[in-house]
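These two chains come separately, so use the hints to put the complex back together.
Just so you know, the protein sequences line up as chains A and L, in that order. Following this note's numbering, the numbering of the first sequence begins with 20 at its first residue and continues without gaps. Following this note's numbering, the numbering of the second sequence begins with 752 at its first residue and continues without gaps.
No lab work stands behind these hints, which were simulated from the structure alone. Each residue gets a CB set at the ideal place from its N, CA and C atoms; glycine is no exception. Heads up, some of the hints might be wrong.
[To be verified] DMTMM-like, lysine to aspartate or glutamate: derived pairs with alpha carbons at most 25 Å apart:
hint	chain 1	residue 1	chain 2	residue 2
1	A	K184	L	E792
2	A	K23	L	E825
3	A	K184	L	D796
4	A	K23	L	E815
5	A	K184	L	E759
6	L	K1002	A	E120
7	A	K184	L	E756
8	A	K67	L	E792
9	A	K184	L	D790
10	A	K67	L	E815
11	A	K67	A	E55
12	L	K1002	L	D987
[What the hints assert, rightly or not] Taking beta-carbon pairs under 8 Å as the criterion, some of the chain L residues facing chain A (in silico):
hint	residue
13	D766
14	R809
15	L814
16	E815
17	R821
18	S877
19	V879
[Said to hold, decoys possible] Just the calculated beta-carbon pair ranges, DEER-fashion:
hint	chain 1	residue 1	chain 2	residue 2	range
20	A	K23	L	E756	53 to 61 Å
21	L	A812	A	K137	20 to 28 Å
22	A	K23	L	R918	30 to 38 Å
23	A	A27	L	M883	21 to 29 Å
24	A	G49	L	K905	53 to 61 Å
25	A	M98	L	Q968	36 to 44 Å
26	A	P35	L	A824	19 to 27 Å
27	A	G74	L	M883	18 to 26 Å
28	L	R957	A	Q28	42 to 50 Å
29	A	G74	L	S799	29 to 37 Å
30	A	K137	L	G813	21 to 29 Å
31	A	E188	L	Y807	18 to 26 Å
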Amino acid sequence: MPEKAELAQFEQTVVPHLAAAYNLARWLTGNEHDAEDVVQESYLRALKFFAGFRGGNSRPWLLTIVRNTCYTWLRRNRMDDMTTELDEEVHGVDKTTSNPEAVLLAAARSDLVARALKELPVALREIVILRELEGMSYQEIADVASVPIGTVMSRLSRARTRLQKLLAEANPTGARA
Amino acid sequence: MSCRETQELIHGYVDGQLDLVRSLEMERHFRECPACARDYENLRDMRSAMSGSIPYYRPPAGLERRLHARLLAESGSKHDGGWFAVPWKWGAVAAALVLTATVTWQTALVRQGPAEMTMAEEVVSSHVRSLMAEHLTDVPSSDRHTVKPWFNGKLDFSPAVGDFPDRGFVLSGGRLDYLDGRSVAALVYHRRQHVINLFVWPAPERADSGIQATDRQGYHVLHWTKAHMNYWGVSDLNTRELGEFAELVRKTD
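Here chain L stands alone, though its shape is the one from the complex (with noise of 0.2 Å):
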């Protein structure tokens, strides 16, 4: 990949929104260019710094109040008022072209195979029941030294397990679960009130991959390869939050 391809992608890759193939290229491309990783490094660092700086307006007090009286005195009445008498009507249409449009430019960027697809669902479902059947953790505990033995005989691995209470994510404990056909640790984490499940398996196979995510049944779903583990990271909780949380883990050995 040259340098000219690599800076017209490299916001996807800080994204991650590329495709496997594509981030592994762009991997090899840092190792051998210092200019561009240095580029990607300060991209990263400004993100990671501006993360939590761009305030987020919060809806005034009331306004859900006021909004739903006013949806109740529109929808009993059939004609139209307010400021956009007319051009409402180009507005919903203008929506529901953008919405069936279909996007050219994909090539370069993520589209997940179905075995990921699967994959996600799978994940989502296990987080799902975990919280259901209130079966968190069978190890309930914030001592990553308490955590990571307690799979040692249960497992045909040994995850590795961090903990990132000064940054927000505090372990609560692991448990066994199964996916993908085969026993994997699932680590728990809280963040706030959102609880974060965090599925690590082996994958032999698979070379390293930058985070990439998906959303599933409103739960976001991020995913990446790291020293040929599998992990799945399924929350809640905002993308942003549980980006910075997949690199963190990430950056754990």
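Next comes chain A alone, as it looks inside the complex (with noise of 0.2 Å):
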């Protein structure tokens, strides 16, 4: 292939996407080392696909990739992680009967929300990342996870109401729940 050409092509459309790529696979793999790991991949990975994409948004075509590089490497490597039952219904989710002055505190401490996060599952977890952090519409989430509108929406729900829970177990002001 006209390696020097295709190389530059594919360099101009995703690396401006490297913070988001790196983001997304730094909250799924938990760390900074195997992060890396898995955007270097990925990246090698669209590489070699790039032939097959032409124009469109190149954000959620990246991110794909990297989202599932990222799930390869879970599966290798954190097992258990995966293995979360992860319940699709929509049921009446009990409602946070704690006080939303503390959720509310608790929302605005980073440290507190970042824990919050990272006891989701991996797929709860995604949702609310590529939503919060990118911005991204349900569409283009739905795309890149790899499911139904439907059930981005429905994901949401269930990790917001975890997170209002949690935040709310996180007790900010030191007073007894």
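Below is the structure:
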């Protein structure tokens, strides 16, 4: 293949998304070292597959590959994380009974939010990252996570309900809940 | 709309992902049902409290350079290396399938009509033009009491002009622009190095709507209607912060 030209075009298309790719990998693998490995591997895969990509929005395209690479890595290294039960039913999740003020206080603190988010199953965490940090539309998230758009919304719903609960328990004021 | 349906769609509403009809139905339900309205407010408040609290992990120094070196080496060699010698093909194939997959569950969610799509393109073109021609403002001023009166006599309406320096959105002026076949007010804001153009003009026949988001040519575009006025905000700023801006403007009268 015409390596130089192809590579230049490739880098022009996907290197601008390096921050998004790294951030997603960092959130899914949980540490810097593996995040970097996954990102490098994802870019190599993307390069091999680049001939099949012409036009369109390159960010969801690249993040789909990053996400799949993360999952391959997780299956090899973190089987426990992958087997967390994920009940897709939208049942009447028990309403947070805690006071909303405590949740708001905790939600403003990066350390508590990060800790709560790490406790979510990967399938919920990735949706939160794509929505809240990348500002992606439900449609784009559905493309990246390979689920129907309705599932995106129900996962967001469950993720936020759990976050609310975890943040309420985080108890930032130090008072007894 | 029932409480049950409202609860199912509430996240779509908070995220501005519902179509206009659904958004209006949701808003009507909130007016009639204090319990659902409270759930909505809690959710909205939690999201806004959390915005900015989720760490965004930046790539380590040198990653781009290391990546470039690896890509360069790889594009010169034909054989597969690395720790994914075979399965990368599956990943690539899966990615292709995902992107071409048709999504069935769209009825309740945003599908912008052709009119909105064209409008979004027009708005983005105006934004780009304003940046390229370095003709961002006709009245460069960070004082809304200067900007607002400037429009008097130039437009047949008086746009609300807000300023939110304490939230990091700084008014830097206004200018006249032309959109949708008429003269419109363009208000210019800065967020760090990013420019936000906010276009405002009357929409006498349209009811209030929630904020709808779309992307064009790498720019983010938000649109809503309030008090019979059209609002279109466009920027290269990320959607989350642009959304925060839109919420602030929406609360201004």
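Hint check results:
Of the pairs offered as hints, the one joining K184 of chain A and E792 of chain L holds, with about 16 Å between alpha carbons and a cut-off of 25 Å not exceeded. At most 25 Å may separate the alpha-carbon atoms for a hinted pair to count; K23 of chain A and E825 of chain L meet this at roughly 11 Å. The straight-line distance between the Cα atoms of K184 of chain A and D796 of chain L is roughly 15 Å, inside the 25 Å bound, and the hint therefore holds. Only pairs whose Cα atoms come within 25 Å are accepted, and K23 of chain A paired with E815 of chain L is accepted, the gap being roughly 17 Å.
Restraint check for K184 of chain A and E759 of chain L: the C-alpha separation of about 19 Å stays at or below 25 Å, so the hint holds. Straight-line distance between C-alpha atoms of K1002 of chain L and E120 of chain A comes to about 22 Å, which keeps the hinted pair within the 25 Å bound. For a cut-off of 25 Å, the pair hint linking K184 of chain A to E756 of chain L stands: about 23 Å separates their Cα positions. For a cut-off of 25 Å, the pair hint linking K67 of chain A to E792 of chain L is broken: about 47 Å separates their Cα positions.
Between K184 of chain A and D790 of chain L, the direct Cα distance comes to roughly 14 Å. Compliance with the 25 Å bound is thereby established for this hinted pair. Restraint check for K67 of chain A and E815 of chain L: satisfied, since their Cα atoms lie roughly 18 Å apart, inside the 25 Å limit. At most 25 Å may separate the alpha-carbon atoms for a hinted pair to count; K67 of chain A and E55 of chain A meet this at roughly 19 Å. Distance check on the hinted pair: K1002 of chain L and D987 of chain L sit about 22 Å apart at the alpha-carbon level, within 25 Å; holds.
At a threshold of 8 Å, the smallest CB-CB gap from D766 of chain L to chain A is about 7 Å, leaving the interface hint in force. Annotation: interface hint on R809 of chain L holds; nearest CB of chain A at approximately 6 Å, less than 8 Å. With a cut of 8 Å, the hint placing L814 of chain L at the interface with chain A holds, because the nearest CB-to-CB distance is about 6 Å. Residue-level restraint check for E815 of chain L holds (minimum Cβ-Cβ distance to chain A is 6 Å; threshold 8 Å).
Residue-level restraint check for R821 of chain L holds (minimum Cβ-Cβ distance to chain A is 6 Å; threshold 8 Å). Hint status for S877 of chain L relative to chain A: violated, with the closest Cβ pair at about 22 Å, above 8 Å. Residue-level restraint check for V879 of chain L is violated (minimum Cβ-Cβ distance to chain A is 18 Å; threshold 8 Å). Restraint check, K23 of chain A to E756 of chain L: a C-beta distance of roughly 56 Å satisfies the suggested window 53 to 61 Å.
Under the hint 20 to 28 Å, the C-beta atoms of A812 of chain L and K137 of chain A, about 24 Å apart, fit the expected range. At about 47 Å, the beta-carbon gap between K23 of chain A and R918 of chain L misses the expected band of 30 to 38 Å. Take A27 of chain A and M883 of chain L: their Cβ atoms lie about 25 Å apart, and the range 21 to 29 Å holds. Judged by the Cβ atoms, the range 53 to 61 Å given for G49 of chain A and K905 of chain L holds: they are separated by roughly 56 Å.
Between M98 of chain A and Q968 of chain L the beta carbon distance is about 42 Å. The supplied range of 36 to 44 Å therefore holds. Evaluation of the 19 to 27 Å hint for P35 of chain A and A824 of chain L yields a pass: the beta carbon distance comes to about 22 Å. Distance hint for G74 of chain A and M883 of chain L: a CB-CB separation of about 23 Å, consistent with the stated range 18 to 26 Å. Hint check: R957 of chain L to Q28 of chain A, Cβ distance near 43 Å, so the stated range 42 to 50 Å holds.
Range check, G74 of chain A to S799 of chain L: about 36 Å between beta-carbon atoms, so the 29 to 37 Å window is met. As the Cβ distance of K137 of chain A to G813 of chain L is approximately 26 Å, the hint placing it in 21 to 29 Å holds. Between E188 of chain A and Y807 of chain L the beta carbons are some 24 Å apart, a value that agrees with the proposed interval 18 to 26 Å.
Hint violations for this structure: numbers 8, 18, 19, 22, all remaining hints satisfied.
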